[in-house]
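We have chain V; now place chain B onto it with these hints.
Protein chains: 2
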Amino acid sequence: MLINSENTICLKIAQESKGVVLVKNLYLSCDPYMCIPMKEFNISQGLLSSYTLGSPLTGYGVAKVVDSTYPNLKKGDLVWGTTGWEEYSLIANPASLFKIEHTDVPLSYYTGVLGVPGICAYFGFYEVCNPKPGERVYVSAASGAIGQLVGQFAKLMGSYVVGSAGSEEKVHLLKNKFGFDEAFNYKEEKDLAKALERYFPDGIDIYFENVGGKMLDAVMVNMRLRGRIAVCGMVSQYNLNQHEGVKNLMCLIEKTHPNGSKFLQTLLPYVKEGKITYVEDIAQGLESAPAALVGLFSGRNVGKQVVMVARD
Amino acid sequence: MLINSENTICLKIAQESKGVVLVKNLYLSCDPYMCIPMKEFNISQGLLSSYTLGSPLTGYGVAKVVDSTYPNLKKGDLVWGTTGWEEYSLIANPASLFKIEHTDVPLSYYTGVLGVPGICAYFGFYEVCNPKPGERVYVSAASGAIGQLVGQFAKLMGSYVVGSAGSEEKVHLLKNKFGFDEAFNYKEEKDLAKALERYFPDGIDIYFENVGGKMLDAVMVNMRLRGRIAVCGMVSQYNLNQHEGVKNLMCLIEKTHPNGSKFLQTLLPYVKEGKITYVEDIAQGLESAPAALVGLFSGRNVGKQVVMVARD
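Here the protein sequences line up with chains V and B, keeping their order.
Mapping the first sequence onto our numbering, position 196 (from 1) lands on 247, and the numbers just tick up by one.
Mapping the second sequence onto our numbering, position 214 (from 1) lands on 265, and the numbers just tick up by one.
Check each hint, because a few of them may be wrong.
Where chains are identical, the list cannot tell them apart; a pair therefore holds if satisfied intra-copy or between any two copies.
Unchecked claim - Simulated pairs of lysine-lysine, BS3-like, Cα-Cα distance not exceeding 27 angstroms:
{"#": "1", "residue 1": "K226", "residue 2": "K206"}
{"#": "2", "residue 1": "K265", "residue 2": "K306"}
{"#": "3", "residue 1": "K69", "residue 2": "K126"}
{"#": "4", "residue 1": "K125", "residue 2": "K69"}
{"#": "5", "residue 1": "K298", "residue 2": "K90"}
{"#": "6", "residue 1": "K313", "residue 2": "K183"}
{"#": "7", "residue 1": "K326", "residue 2": "K313"}
{"#": "8", "residue 1": "K323", "residue 2": "K226"}
{"#": "9", "residue 1": "K313", "residue 2": "K206"}
{"#": "10", "residue 1": "K245", "residue 2": "K63"}
{"#": "11", "residue 1": "K298", "residue 2": "K323"}
{"#": "12", "residue 1": "K238", "residue 2": "K298"}
{"#": "13", "residue 1": "K241", "residue 2": "K298"}
{"#": "14", "residue 1": "K265", "residue 2": "K90"}
{"#": "15", "residue 1": "K150", "residue 2": "K69"}
{"#": "16", "residue 1": "K238", "residue 2": "K63"}
{"#": "17", "residue 1": "K238", "residue 2": "K226"}
{"#": "18", "residue 1": "K306", "residue 2": "K90"}
{"#": "19", "residue 1": "K115", "residue 2": "K125"}
{"#": "20", "residue 1": "K126", "residue 2": "K238"}
{"#": "21", "residue 1": "K323", "residue 2": "K228"}
Derived from the structure by calculation, the hints contain no laboratory data.
Just so it is clear, the structure is predicted and the values come from calculations on it, not from any experiment.
If we strip away everything but chain V, and leave its shape as in the complex, we get:
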């Protein structure tokens, strides 16, 4: 830091600091995940390292480079990426900053539609959900940064899209600004599974998950065969000391039908050539069948349990 002749402060990087960037922060992104590193212990085990007490929070933001000893960025560049919740930040790891090339859009958009929420919405919807035109799409936290984008992507594909949010104002926004076909206030619903059944009488093809907990359980029983769920966020859970248990995960099994067309041409040679060993536990006679079936649940069988009724 230098104080020049006009008594203004001139921020500069110390000459010996190589590969760092000093930025003036313009926009900071508020994201629900940020409460996770506030906990002393978080289950992510280091992927989201905890904040340091007494230091500014870190998060995504848009900033302007004030000084740089990092070759890829220079004074005056606009960037988005990980920065501090403070007026100026010294970025020791500038590889986490992305240079903004297009400035003919609001710069704050690089904390949203053109930043991480945009990436999550795009990747989650187009790649994880693999949507097909005409499918039935449900989005929770639908007026949030990510939800509003997913709903609009789905409409661009010609899907039927329903969103949920937590106030009448947001429900109005979903229907009248973002073009969702239907929207509801989840706080007004006593039975979330019934609410979903009302909007999806034939079930949900794609669920874009932003909230977790009870909503996920309600969605599970309403999913269609071969449905897809992109798990993007679980905002209802982040501030709980004990996460809610999700009970209906068995629907993941019951609502998938494996496609077995190619399996036999692989497995038959494996078996014949002895590349695969296969162990069966064969009970003799139809009369042994009930006990054999029940035995599965105490693990009595060793290998695949079969009942031989007749030899030929």
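Just chain B now, with coordinates in the frame of chain V:
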């Protein structure tokens, strides 16, 4: 039914019954899912319709055609598919039967490695898990019909494979017959997450899920970034009136990093052309940042919450 001159019974389909098949059942498959249709109410909502009281169970089996009015099958054909737990079954929906073309393997294998368990193992491992050589694979219920196959598929790919089972005999089988690198008896472990950490100090790339409940929770915290879980079965849950809640699903979010390379070339034009509407909620000044962040959890914000620290 006809009684012929030697007083033996001759089973025949009534002439007016078209498109049906009468089979002699040879092998019946005992599968854990079969307890689900035994309940009056099951969450699968019709995908697994309940058994009828007083009628034989239905399930997969291997059978020989005794008589047929269905053009694709004839007397003497061997088939596998859905049949009854009885000596002879009249199959009203013979499209559910597959003709067995290869009889130079034990016929019972068509209830296992060459039947539905083989399809599930093949599809779940190769297609759902998308395995790469050298990855770290964990299989639960590993000595069962499906688990034993998945472990061997993984070894054929050069993976490190660990299996769990419920007895020392099964653990021995895993290591000495199926070639798993390691195996453990889950019943002997007080802390499943710690047990997994012992075998996977660097985490699990692929989990092939057969048991659900507490094991799934323990696996979640041990998954590696970009890991994959094939949910094939949840045998620990099938007989519970109330399913166990799985609490660590947030790991699904924390252990995925979306790939955002292509998003900007799609989203930037969408935004500029107005195809996508984007709503922000911009708080003014760094001093407003803490309240803006906390407000996310009561849903105070409408649209993406941003803090403007400086205009430029």
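Quick rundown of the hints versus the structure:
1. K226 to K206: within (12 angstroms within a copy, 52 angstroms between copies)
2. K265 to K306: both (19 angstroms within a copy, 22 angstroms between copies)
3. K69 to K126: Classified as within: same-chain Cα gap 15 angstroms, cross-chain 83 angstroms, threshold 27 angstroms.
4. K125 to K69: within (13 angstroms within a copy, 81 angstroms between copies)
5. K298 to K90: both (26 angstroms within a copy, 17 angstroms between copies)
6. K313 to K183: both (24 angstroms within a copy, 19 angstroms between copies)
7. K326 to K313: Within one copy only: 18 angstroms inside, 42 angstroms across.
8. K323 to K226: between (60 angstroms within a copy, 22 angstroms between copies)
9. K313 to K206: This pair counts as between: shortest inter-copy Cα distance 20 angstroms, intra-copy 35 angstroms.
10. K245 to K63: neither (60 angstroms within a copy, 49 angstroms between copies)
11. K298 to K323: This pair counts as neither: shortest intra-copy Cα distance 42 angstroms, inter-copy 43 angstroms.
12. K238 to K298: both (21 angstroms within a copy, 23 angstroms between copies)
13. K241 to K298: both (18 angstroms within a copy, 23 angstroms between copies)
14. K265 to K90: Answer is both; intra-copy 23 angstroms and inter-copy 24 angstroms each pass.
15. K150 to K69: Cα proximity of K150 and K69: one copy only (19 angstroms, versus 72 angstroms across).
16. K238 to K63: The answer is neither: 51 angstroms in one copy and 62 angstroms across copies each exceed 27 angstroms.
17. K238 to K226: The answer is within: 17 angstroms in one copy meets 27 angstroms, while 52 angstroms across copies does not.
18. K306 to K90: between (36 angstroms within a copy, 18 angstroms between copies)
19. K115 to K125: Result: close within a single copy only, 10 angstroms intra versus 78 angstroms inter.
20. K126 to K238: neither (48 angstroms within a copy, 62 angstroms between copies)
21. K323 to K228: The answer is between: 17 angstroms across copies meets 27 angstroms, while 62 angstroms in one copy does not.
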